[in-house]
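Trainee: Here the working numbering runs 1 ahead of the position in the sequence shown, where the first position is 1.
These are computed hints drawn from the structure, not numbers from a lab. Be careful, since some hints might not be right.
What follows is a set of in silico ranges between Cβ atoms, one per label pair, in the way DEER data are often shown [what the hints assert, rightly or not]:
1) Leu483 / Ala610: 44 to 50 Å
2) Pro119 / Val24: 46 to 52 Å
3) Arg208 / Pro37: 36 to 42 Å
4) Ile415 / Gly143: 54 to 60 Å
5) Pro37 / Arg123: 33 to 39 Å
Here are the simulated lysine to aspartate or glutamate pairs, EDC-like style, with alpha carbons at most 16 Å apart [as the list claims (entries may be wrong)]:
6) Lys116 / Glu79
7) Lys410 / Glu150
8) Lys85 / Asp234
9) Lys316 / Glu327
10) Lys410 / Asp241
11) Lys203 / Glu238
12) Lys200 / Glu387
13) Lys203 / Glu79
14) Lys316 / Asp336
15) Lys316 / Glu387
16) Lys85 / Glu150
17) Lys200 / Glu180
18) Lys200 / Glu79
19) Lys410 / Glu180
Positions of the beta carbon are idealized from the N, C-alpha and C atoms, including for glycine.
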Amino acid sequence: MTLLDLARLLVRRAWVLVAVPVVMGATVFVLTQGQPQTYSAHTTLYTGLVSGYEGDDSDGVDYRAVRSAFDNLIGTVEARSTLKTVALRMLARRVAAPDSAAAPLRPRTRTQLRKILPDSLRRALAPMTTARAEQSLRTALGSHPALQEAILSGTTPFSVPRLHSHLNVQRVGNSDLLEMRYTAPDPALCRQTLHLLVKEIKTRRERRQRQQVGDVVSFFADQVDSARQQLNDRVAELRDFGVRNEIINYQEQTKAIAQARQRVARDLQQARTRLQAAQSARDSLGARMDANLARLRSNESVLRLRQTLSDLSAKQALQTEGEAPEGAVLQQRIDTLRTRLSGELRRLYRLNHSRSGLSGTRILDSWLQRVLAVTEANARVGMLEERLASFQERYRTLAPLGSQLSGIKREVDIAENQYLELLHSLNQARLKRKMETQSTLRVVDPPIVPTEPAPTNRLFLVAGSAGAGLVLALGAILALFLLDGTLRTPRRAEERTGLPLASAYPVHPETPDDAEAEPLDRVETVLDAQLLRSLQTQDSSMGREDAAPDVLLVTSTRRTEGKTYVAQRLCAELVEEAYRVLHLSPHDGDESTAGMDVRTYDTDRPAAALTERVEAIRRQNDHDLVVVEIPALVERALPVGLAQHIRATLLVARADRRWARADAHALRSLQSALDAEPLLVLNGTSLDALDALVGQVPRPRSSLRRCLKRWLRFEFRSPLPFSS
2 MTLLDLARLL
12 VRRAWVLVAV
22 PVVMGATVFV
32 LTQGQPQTYS
42 AHTTLYTGLV
52 SGYEGDDSDG
62 VDYRAVRSAF
72 DNLIGTVEAR
82 STLKTVALRM
92 LARRVAAPDS
102 AAAPLRPRTR
112 TQLRKILPDS
122 LRRALAPMTT
132 ARAEQSLRTA
142 LGSHPALQEA
152 ILSGTTPFSV
162 PRLHSHLNVQ
172 RVGNSDLLEM
182 RYTAPDPALC
192 RQTLHLLVKE
202 IKTRRERRQR
212 QQVGDVVSFF
222 ADQVDSARQQ
232 LNDRVAELRD
242 FGVRNEIINY
252 QEQTKAIAQA
262 RQRVARDLQQ
272 ARTRLQAAQS
282 ARDSLGARMD
292 ANLARLRSNE
302 SVLRLRQTLS
312 DLSAKQALQT
322 EGEAPEGAVL
332 QQRIDTLRTR
342 LSGELRRLYR
352 LNHSRSGLSG
362 TRILDSWLQR
372 VLAVTEANAR
382 VGMLEERLAS
392 FQERYRTLAP
402 LGSQLSGIKR
412 EVDIAENQYL
422 ELLHSLNQAR
432 LKRKMETQST
442 LRVVDPPIVP
452 TEPAPTNRLF
462 LVAGSAGAGL
472 VLALGAILAL
482 FLLDGTLRTP
492 RRAEERTGLP
502 LASAYPVHPE
512 TPDDAEAEPL
522 DRVETVLDAQ
532 LLRSLQTQDS
542 SMGREDAAPD
552 VLLVTSTRRT
562 EGKTYVAQRL
572 CAELVEEAYR
582 VLHLSPHDGD
592 ESTAGMDVRT
602 YDTDRPAAAL
612 TERVEAIRRQ
622 NDHDLVVVEI
632 PALVERALPV
642 GLAQHIRATL
652 LVARADRRWA
662 RADAHALRSL
672 QSALDAEPLL
682 VLNGTSLDAL
692 DALVGQVPRP
702 RSSLRRCLKR
712 WLRFEFRSPL
722 PFSS
């Protein structure tokens with residue numbers, strides 16, 4: 002199916018494409034005449050989900066979370082429990098305090114209100130406050146089936162389904178704003194419904210936020226208490242460890258001990274050096290002394306003084322810097338002992354030597370000094386070695402304490418970090434709770450009582466129904482065309498029957514005018530020539546004068562296919578070609594003309610009678626061709642004797658019917674009896690379908706129509722200037 006075929010189909014069925022939309026649009030227009038007026042009110046809320054605190058995120062706005070928050074908020078607005086509360090609250094306000102309403106209800110709404118509430122219940126609710134009336138209505142839902150049905154499944158403005166179907170909640174673009182629009186038949190209910198709905202949404206949202214944030218705050222508070230207790234335990238353990246091991250500052254203490262040990266080691270090295278020097282000098286002076294000096298060394302008095310002096314020197318070396326008074330006394334005693342020891346040695350030396358022994362005195366003094374220096378050095382070395390050993394013992398004590406102290410400090414740091422993180426989370430949760438309790442949904446555009454009814458969608462309904470009718474009509478036309486199984490076009494007739502096409506004839510209008518008659522006659526003239534040319538092509542020796550007249554058979558598989566019409570046009574075309582034609586027809590009505598003889602035969606007689614008559618006509622040899630028209634093949638079989646005289650056969654088929662199995666069976670019987678293949682003549686097709694046979698049908702066309710036709714055929718080039 003080409004675009005041109007589609008356009009032709011739509012033009013032929015243009016009345017359907019016009020009538021169906023007009024009828025449907027008019028029907029909807031009539032049905033919507035009594036449509037009640039409706040009023041619409043809206044309100045806009047600021048949520049703060051994007052630009053407010055709730056959308057504050059250091060990493061940027063999480064748009065998925067924002068969309069989820071808006072979806073949750075819209076779901077809360079449209080929830081059945083929310084709408085149920087709003088419906089009961091509206092009823093309570095209208096029944097408990099009708100005089101305090103901002104805008105009165107319309108009579109129709111008041112009538113619906115009286116139908117919803119029984120008189121007894123309405124009288125009982127009248128003296129109550131709005132809150133008590135709402136609670137009483139909630140209680141009455143279980144005991145009043147009519148009230149329950151009106152609220153939960155009714156069609157009044159106070160029912161939950163009506164609220165849900167006429168409430169539109171949507172986000173305004175990508176902003177923080179949420180718009181709610183409600184449509185009702187009463188303007189007072191529009192504003193009141195939105196007002197109560199906003200109030201209920203605020204209450205539900207605040208309650209949900211407090212519950213969620215409160216649970217978070219409680220969780221973090223418990224965790225902070227537990228972390229604080231763990232931190233206190235670790236700190237107490239660190240304190241007890243320091244007290245038990247006498248640690249104030251482990252780093253400073255170990256540093257001070259290390260520095261003191263270095264000083265002691267340095268002093269010990271210096272003392273050992275002085276001791277070795279004193280011993281070397283003492284031994285050198287002792288070798289110079291004679292035997293008398295040996296006696297001096299063996300003197301008991303001298304030995305006692307030496308021993309006492311050694312003890313005092315050792316005691317002086319063990320003293321610290323803070324013992325200044327005792328050190329002065331000790332030094333005085335040492336000086337006294339040195340003087341006594343020196344005097345005693347000189348006295349003994351003078352007793353044993355002459356007055357000229359001055360060198361001995363010097364030697365004795367030097368030796369005495371070296372002896373005293375060795376004694377003092379020995380005492381200092383011993384003291385320093387003991388202090389160095391005490392430092393080593395202190396090192397062995399502090400070394401394992403350091404690792405234990407580091408482990409305890411790590412535990413304290415971990416507990417402290419955990420405590421600080423939990424404390425930060427607790428503060429954030431408390432701050433969020435404070436912000437959420439202080440900042441709730443804010444009404445940017447409060448609802449008002451509408452004064453003008455909302456524009457109805459009547460025009461859209463009419464236009465939509467007309468459009469739907471157009472689509473329906475177009476679909477029906479295309480469906481019928483695609484489901485059409487008739488022969489319809491010459492090409493389709495050839496495909497369905499399997500016969501070669503000889504010609505085709507268009508359908509004649511019932512009341513043709515002059516504009517249609519002229520192109521129809523021209524087309525039929527061309528088709529008559531094609532029919533004759535097809536017969537001559539199949540048998541070029543047809544109608545020779547030196548032979549008996551040839552027999553041309555015209556038949557069909559069913560009645561009223563147009564056999565007589567085709568036979569008459571064939572005879573007329575043969576006469577124009579100077580053939581002497583005999584038309585043997587089973588019908589009366591046609592008269593003989595010049596060159597064409599018309600005769601009839603009785604179809605009630607046996608088939609052999611027709612054969613004998615044809616043979617008699619052939620023997621007379623007064624004609625060139627004999628056109629024999631026989632009844633439908635499904636009703637009467639082809640005379641067997643007649644088949645041997647037939648030179649060509651025309652099978653006429655009507656274009657507006659299907660090719661059934663009976664037709665195929667009759668055709669097979671005809672083909673088995675004939676030597677030559679029958680030729681198909683399609684009768685009653687449309688003029689547009691004849692383009693494949695005669696080209697463009699000669700009819701008057703406007704320039705616009707010719708241009709559209711070229712475009713639909715994708716023939717965009719202009720015709721050549723010399724084309725005709």
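Trainee: Is 44 to 50 Å a correct range for the gap between the Cβ atoms of Leu483 and Ala610?
Mentor: With Cβ atoms ~48 Å apart, the hint holds.
Trainee: With a cut-off of 16 Å on the C-alpha distance, tell me whether Lys316 and Glu387 pass.
Mentor: Holds - the C-alpha atoms of Glu387 and Lys316 are around 14 Å apart, at most 16 Å.
Trainee: Need the status of pair Lys203, Glu238: alpha-carbon distance at most 16 Å?
Mentor: 52 Å, violated
Trainee: Does the Cβ distance between Pro37 and Arg123 fall inside 33 to 39 Å?
Mentor: Given a distance of about 25 Å, which is not inside 33 to 39 Å, the answer is violated.
Trainee: Between Pro119 and Val24, is the Cβ distance one that fits in 46 to 52 Å?
Mentor: 47 Å, holds
Trainee: Does the alpha-carbon distance linking Lys85 and Asp234 stay inside the 16 Å limit?
Mentor: 55 Å, violated
Trainee: Tell me if the straight-line CA distance from Lys410 to Glu180 falls inside 16 Å.
Mentor: 58 Å, violated
Trainee: Does Lys200 pair with Glu387 here, judged by a C-alpha cut-off of 16 Å?
Mentor: Since the Cα atoms of Lys200 and Glu387 sit roughly 89 Å apart, the hinted pair is violated (cutoff 16 Å).
Trainee: Between Lys200 and Glu79, is the straight-line Cα distance small enough, at 16 Å or below?
Mentor: 14 Å, holds
Trainee: Compare the distance between the alpha carbons of Lys316 and Glu327 with 16 Å, and conclude whether the hinted pair is satisfied.
Mentor: Cα-Cα ~11 Å, so holds.
Trainee: The hint says 36 to 42 Å between Arg208 and Pro37; measuring C-beta to C-beta, is that right?
Mentor: 38 Å, holds
Trainee: Holds or violated: are the alpha carbons of Lys410 and Glu150 at most 16 Å from each other?
Mentor: 72 Å, violated
Taken one by one, the earlier hints fail for this structure at numbers 5, 6, 7, 8, 11, 12 and 19, listed in ascending order.
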